[in-house]
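Q: We have chain A; now place chains B, C and D onto it with these hints.
Protein chains: 4
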Amino acid sequence: MKAAIVGGTGYSAVELIRLLHHHPYVEIETIVSHSTAGQEMDTVYPHLTQIIQQPLDQLDVDQISNKVDVVFFATPSGVSKGYVPHFLERGVACIDLSGDFRLESPIEYEQWYKKSAAEEKYLNQAVYGLSEVYQNEIKESKLIANPGCYPTATLLGLLPAIQNHLIDYQSIIIDAKSGVSGAGRSQSLATHYAEVNENLKAYKMGAHQHIPEIEQMLKVESGSDLQITFTTHLVPMTRGIMATIYAPLKAQIKTADVIHLYKEFYEKHPFIRVRNEGEFPATKEVYGSNYCDIGLYADDRTGRLTVVSVIDNLVKGAAGQAIQNLNIMNGWDVQTGLTNLPIYP
Amino acid sequence: MKAAIVGGTGYSAVELIRLLHHHPYVEIETIVSHSTAGQEMDTVYPHLTQIIQQPLDQLDVDQISNKVDVVFFATPSGVSKGYVPHFLERGVACIDLSGDFRLESPIEYEQWYKKSAAEEKYLNQAVYGLSEVYQNEIKESKLIANPGCYPTATLLGLLPAIQNHLIDYQSIIIDAKSGVSGAGRSQSLATHYAEVNENLKAYKMGAHQHIPEIEQMLKVESGSDLQITFTTHLVPMTRGIMATIYAPLKAQIKTADVIHLYKEFYEKHPFIRVRNEGEFPATKEVYGSNYCDIGLYADDRTGRLTVVSVIDNLVKGAAGQAIQNLNIMNGWDVQTGLTNLPIYP
Amino acid sequence: MKAAIVGGTGYSAVELIRLLHHHPYVEIETIVSHSTAGQEMDTVYPHLTQIIQQPLDQLDVDQISNKVDVVFFATPSGVSKGYVPHFLERGVACIDLSGDFRLESPIEYEQWYKKSAAEEKYLNQAVYGLSEVYQNEIKESKLIANPGCYPTATLLGLLPAIQNHLIDYQSIIIDAKSGVSGAGRSQSLATHYAEVNENLKAYKMGAHQHIPEIEQMLKVESGSDLQITFTTHLVPMTRGIMATIYAPLKAQIKTADVIHLYKEFYEKHPFIRVRNEGEFPATKEVYGSNYCDIGLYADDRTGRLTVVSVIDNLVKGAAGQAIQNLNIMNGWDVQTGLTNLPIYP
Amino acid sequence: MKAAIVGGTGYSAVELIRLLHHHPYVEIETIVSHSTAGQEMDTVYPHLTQIIQQPLDQLDVDQISNKVDVVFFATPSGVSKGYVPHFLERGVACIDLSGDFRLESPIEYEQWYKKSAAEEKYLNQAVYGLSEVYQNEIKESKLIANPGCYPTATLLGLLPAIQNHLIDYQSIIIDAKSGVSGAGRSQSLATHYAEVNENLKAYKMGAHQHIPEIEQMLKVESGSDLQITFTTHLVPMTRGIMATIYAPLKAQIKTADVIHLYKEFYEKHPFIRVRNEGEFPATKEVYGSNYCDIGLYADDRTGRLTVVSVIDNLVKGAAGQAIQNLNIMNGWDVQTGLTNLPIYP
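Residue numbers (UniProt numbering), protein chains in the order written: chain A, 1 to 345; chain B, 1 to 345; chain C, 1 to 345; chain D, 1 to 345.
Heads up, a few of these hints could be off.
If chains are identical, the list can't say which one is meant, so a pair holds when it fits in one copy or spans any two.
[To be verified] Dumping the calculated DSBU-like pairs for lysine-lysine here, alpha-carbon to alpha-carbon at most 30 angstroms: (1) 114 x 254; (2) 250 x 2; (3) 254 x 115; (4) 254 x 204; (5) 114 x 204; (6) 204 x 263; (7) 219 x 254; (8) 250 x 219; (9) 139 x 254.
None of these hints come from the bench; they were simulated from the model.
Extracted from the complex, chain A is given alone in its bound form (with noise of 0.2 angstroms):
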């Protein structure tokens, strides 16, 4: 199966070509790049050297769509929505890292995006990419809108817990946290090193646009109409994402009973890894894998229940849920390609 990855300046595009390189079915056919085409990939990112030797390409919707099956659009919000339509049309599928597909409402992405949404036809199509979730329904799209990272760790995290009907699904209180790869590689003041390091911030308070995702996918599996307090900070850290959840337990229920709920959950889903008792996961113990960890506790004094869930944000966040979409869409075992272990330390 030969691929193509949109965006190739990006660190989930860098991250793709990683992951991608020990893919057995897959091989890397063109890397589009808007802002450095022509440029040699080893020159925008020089780890590659003698690996990938390739320039990076324009984006020619008829000259890509000849060659190969797949797409990756690992590209800002806004770009996806104007290609993928093309890519469909003629046959290609496509996996889109961005958040263009995801809001099921052109409304509510106008409203946070501040951007044009996509068409409604398309959106209709595209198939919400949360791997261990709705691996049926991706298994028979073309067109996957890949989770955001921070979605990705709370849905996770959450959902044993809601289909259970464990919590009051209207006082979930979402306290997350990122390292700065998640910003991109793009130059700002919030992401230079002398600003970042040895510093913590929340931003975007009240305004992330992974707030509507998540509501959104939680009224789909909980059946109630739902509001979320969601808060982001900025890690002095490069990879990893933690959401520490909480929320009221709708009855009294021991910290092993709920691990017993959340294992039976993820039975069948290797790359979630539900931690015994009084054990809570680090975001370096997932580092560059496809895990997502999960600790938990159910808190006597409270009634609360807290949970938390980490991954890497460009693997299971990012590039390494893509592949393993692309995995379940073509009957795969979902594993292909993601075995490699958490580097550590």
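A: Frame of chain A, contents of chains B, C and D only:
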């Protein structure tokens, strides 16, 4: 005025030394260290070369009592409770940076600290040294229980909302994050660079000894019984604490109005900087200084208040507040010796 | 005395503000910024909230000349050379933290800086402000070329060996390392957190503009023509410079004797701390302070001297030394306003 | 082929586990740890949860010899020398990642390591496992002394210059920098996060045990007696080594010509990436991979050569090169199990 510092090889002690160096009315007479007595201070901390040239002393109550007016205890929990009575008897004021005199209930102390508590007689004498709130009591006391780092950030962030009856006391959730210096200078796997760097970790879930301290003071201020959910995270940075605090609003209120109430509450308190609407403080913005910066957000969508409160854990969370309390005890301007600016970047 | 700071949004300017805040004889009258004129200083740097409450000004030579006695230029290279003559004509002293007046030869300036040089008339007036070495000249001057950060660490580490004829001038090798704040606040891929963190990089090989500056001063002090090998590295930290300097010893000498000569050389200079045998300074030991710490090792096996010299690039390597020079120019104690201790940890 | 790993709680061991997990011909039969025998591997290293589920074993020579073909020693110095003879006698190949078999001279070992040396009989059998240079000897040996991390980076950076007679052997200066994982997982003040972060430190001046190792191999390759100046620095990062190497050129030569000679030298060695003129490698560009990247600069002004050589200290500087050597010993492709890309950012 002459001062003794007990616990001279810890980070709080060395921060006391840095800050007192510029205090116009205080001279450090002796620095005591059990583990390194006899060594020169600048051997233990080479950054003090040619600045502090005195050997570390043994703890001799009589000798020290004859020489000093105040003793700062920057010791691990369980140490000061054995010495404070002797110093008080000899008329020497004590400012205890450890947790030994913070909890009024010896039973609670023993439950959370897993150590035997101080005598009730002395627990009753101790004043909780949250400088902005208890200045009247501090002024009259000879024994100050200097607040913990997390409680300082949390209480300063919560009290204006509580005293203005803005929030539901029963549903307070505090997601707290700290740099590594909070763990002290003693060595453990948890403070090893390669384990902490590029890592984010939740720890002491439901078991942190600052939980009863915060609850005790919230009960006093709110007049209600309550339980908080309080989670601590270790962030890859040396200094800084952030408490992100969530609570349901009792009634609809605009962010601007909440900010107005907070600014009013802290009007006469130069170390508290309540930020304007849309601004949220970062830990680096108080680095090395005694400031506590507070950002506020009242969310219409969810009906919840989010408070972001940051301090430097070694300054406002330890040595700085201790000196602030000394200033209050002596009727000096509260900023004496504490006017240094945050160091940025 | 009243001062103006030009270049108010850069890191050197903000460090001047931090240090001058405690200077008993200097008041900051105006802070000038071309790019952010009209904005409040605490909007550009929120850590100054409630401390510095003044808008950033445009650069109006006449207006400023009427109000201030000294102007600090904390500007990129190529800016101050256009303004300094006007201020000098109006009797205002200038301390230039940029490289515009450091090189005596305009040809060399143009070759290394790739910009046109300042007028020779003013180059001739400028005194190279290495405080410990040129205090007599500084005292008599109205135009100080404040040394670069790398040259400060290097020259202070080398001059005692040169003046005592210990080393072969023709074979000096300097392996220099800097934190990221040396690159300033402007944004580039080279300062992006995700590119710098967990990374070490050599840069500007053989092309750093501090090479001619160091060579010029070494020639003056040694009386010989010489070329140095000087390599710069970017270290994942915000502040700090280390120069590790290597040179062949002319004759066998013990480390203890070298240390003795260095201590003698810097006997009257409180900011230079020559370390004892077997001790080598770390950058954090001078963090936030005006110290330059020097460690020495004369190797019997190889006949070479190794010098380790560390400074905080923003203090002794920029703003601190600038204030030290102001103190010298005015006959004040050299430590005035610069007594703050290193912040550790 | 079955392998044992001795020293299972150290960072080199856990890196062997990560890399061997993908090796098609090797299975880890047992992981031995003296200090944590009996515990589960994923308790000691939670990132291995659900991946490595086996308890750590005691070191039983007979039992292990019956089960495995090769033993990797990832132990502190002084351990392997006591076990290697027993394994060799039982026909089990040994790859020693410690320094016990690297120095031919027991006297030198005892002088630099301050421990008693291995028996000369075994020292003589050992082959120095610098894979690119001694592949013929490695192929024939059952005992590999895997090179130290610093010597690997240094020798790979120097040998082409030496074998092409480009430089003066008597004046080689190596300024080496390492991340903290090189110090291992054991706890000390030197690895405490708050002491290392935002800090750069020179250490073991003139006393590093890798000095005699580098000198021994340079003597062999150059045919001359020589002493190097070698200084080590601790950099605030987890992984990565950079050796910046300086030496006088014997004759004038252009950088391009030096690069040509280096590329020729390493033509058949896929793990060595000699960079083009003007490009210098950063440590992050080899992170997690077995590459050694080399940048070169021949300076006309000074007549000196500067070599920048970077590796990941845990891969090419330890576990990766050990597996590379195993591949050579078995006649497998040298890249077997080592094709993972650098992880970036």
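Q: Each hint needs a verdict: does it hold in this structure or not?
A: Each hint, compared with the structure:
1. Only between protomers do residue 114 and residue 254 lie at most 30 angstroms apart by alpha-carbon distance; the minimum there is 24 angstroms, versus 44 angstroms within a single protomer.
2. For a Cα distance limit of 30 angstroms, the shortest separation of residue 250 from residue 2 qualifies neither inside one copy, at 49 angstroms, nor across copies, at 52 angstroms.
3. Proximity of residue 254 to residue 115 under the C-alpha cut-off of 30 angstroms is restricted to the inter-copy arrangement: shortest distance 27 angstroms between copies versus 46 angstroms within a copy.
4. Taking the closest pair of Cα atoms, residue 254 and residue 204 come within 30 angstroms of each other only across two copies (18 angstroms); inside a single copy the shortest separation is 35 angstroms, beyond that limit.
5. For the identical chains of this complex, residue 114 and residue 204 are intra-copy neighbours only, at 14 angstroms inside a copy versus 41 angstroms across copies, given an alpha-carbon limit of 30 angstroms.
6. Taking identical chains as interchangeable, the C-alpha atoms of residue 204 and residue 263 lie at most 30 angstroms apart only when they sit on different chains, with a minimum of 23 angstroms there against 33 angstroms within one chain.
7. For the identical chains of this complex, residue 219 and residue 254 are neighbours both inside a copy (26 angstroms) and across copies (27 angstroms), given an alpha-carbon limit of 30 angstroms.
8. Both within a single protomer and between protomers do residue 250 and residue 219 lie at most 30 angstroms apart by alpha-carbon distance, with minima of 18 angstroms and 25 angstroms respectively.
9. In this assembly of identical chains, the alpha carbons of residue 139 and residue 254 never lie at most 30 angstroms apart, being 36 angstroms within a copy and 47 angstroms across copies at closest.
In summary, the numbered hints that this structure violates are 2 and 9.
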